[in-house]
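K.L.:
Sequence lines, in order, name chains A and X.
Using my numbering, the letters of the first sequence correspond one by one to residues 1 to 200.
Using my numbering, the letters of the second sequence correspond one by one to residues 1 to 277.
Treat each hint with caution, since some may be false.
Derived Cβ-Cβ restraints for the label pairs, each shown as a range [unchecked claim]:
hint	chain 1	residue 1	chain 2	residue 2	range
1	X	G80	A	T67	46 to 52 Å
2	A	G116	X	P222	31 to 37 Å
3	X	F221	A	G164	50 to 56 Å
Below, computed lysine to aspartate or glutamate pairings styled on DMTMM-like, alpha-carbon distance capped at 25 Å [what the hints assert, rightly or not]:
hint	chain 1	residue 1	chain 2	residue 2
4	A	K15	A	D179
5	X	K51	A	D179
6	X	K51	A	D184
7	X	K55	A	D179
Which chain X residues stay away from chain A? Per the calculated CB distances, all over 12 Å, these [unchecked claim]:
hint	residue
8	T47
9	L97
10	V187
11	E216
12	G233
No lab work stands behind these hints: they were computed from the structure.
Think of the CB as a built atom: it goes at the ideal place given N, C-alpha and C, for glycine as much as any other residue.
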Amino acid sequence: MRGSPAIDRVIASLKRLPGIGDKSASRLAFFLLGAPDSLVADLADALSRLKQETVMCADCFNLGDRTPCPICSDDRRDDSLLCVVEEPADLSAIEKSGSFKGRYHVLGGTLSPIDGMGPGELRIGELERRVRSGGIREVILATNPNAEGDATAHYIGDRLRPAGVLVSRIAYGMPLGGDLEYADHVTVGRSLENRRKFSD
Amino acid sequence: MAAIGNRTRDRVRAPLDDVPALVLRTVEFGEADLIVHLLTPTRGRVTAMAKHARKSVRRFPGSLDLFNHLEVKIHPRRRGGMPLLDRARLLSPFLALRDDAARYGLACYVMELLSRLAPEEGVGPEMRGIFHFALEVLEALEHSRPDERMRVLVELRALDALGMRPELRNCVRCGREVEGPSVHFHVADGGVICRRCSRDEELPLRAHLGTLRALEQGLRFPLAELSRLALSGQSLAEAHAIVARFQRYHVGLELRSERFLNQILRSSGGAGPTPAA
Ligand SMILES: [Zn+2]
Ligand SMILES: [Zn+2]
């Protein structure tokens, strides 16, 4: 099956996607070759519109089809609460929970020096400006509870200290469906530290 | 080295016993997997695949995170594939490294250095030395906030652990002990040169004998006690120049985490190490 430049080009493009190796790329390419024309046309159309029709919100840096995004332009939301997340996918996860009615700030990653990500690569300056412009009572740091996410949260906490705003961190603890017997000692320790009153 | 390695690998296909390991780096792979770069005292640097690590709560609870000190069981590589991480137990997470940008920055820098330079599938006493060095750095950073001095000494210790120690006492050309008060350091030749062996056309780095003695002590002291070392002002600048130039010449790597480290150490203004909390 060698020798079709068109197939080779698709395989080469797919291989550049994260998590796609040689085998997956050629499996997908041959699947597309055998798929109905409409499926391939839909995919090609969707891909070509992806960049054209996606814009970044100028206030929170979420991705959507307009700026300001629907969350930033919703005047029923609480302006005094600002939730800081790493990526748009994290914002979506919090939105799906339905437990947060404030505003967001998408950093665009975490401090990861090994990947060349420093403070200048994240939207930390923009966050400081938002906080300094007033009206925010609490900043909730919702970066992931891993080394990079924790380091980023601490760094932002230090940078926001002069602004005198309340800074909080999402809780660490046992995951739902977790099992104490299988949890690592740090998670168990932290869930005890972060325990809360259960009944009055 | 490759030929011997292959044959040895074929013979040791059975899963290894639990071995200590440090997490140098993790990279997300596919939907739920994680590629984990580990440093071990017995097998050198190992890159292993942790299947379902990002989805399953039970398989690797909280353990596959940067800087974590673990006990792991690895299945050696299958035909053409990557070794599989079978299980991992968390020994220490070095949480204090996350609380402070300078500690985080230096720890990231060392992890990157080792992930680029520690031998892969290496064996022998030098691997134990590298692993011990890495663990000692993380433990020291857990207890004290690094400054420019600690950074220089950690870099020197890293070179030493990786078998690239600069010669600080005897002339690299004639072997005689160099005399002060001012001595010449020849970067390309890898050490100090005495006055007799110095040639006019060369432009060696100049340093005070005291600076070289302090660096030598820095190689012997436990890392946690580096704050006892007298290295500041002019002699810190000399030490920094020697180690940085030596590293650039003999290692020849540009580390991505260096920019962040420089930025953080500069903005924190060289405050001395703080006592353990
Ligand atoms: Zn928005
Ligand atoms: Zn000489």
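K.L.:
Checking against the hints above, which ones are violated?
P.N.:
3, 4 and 9
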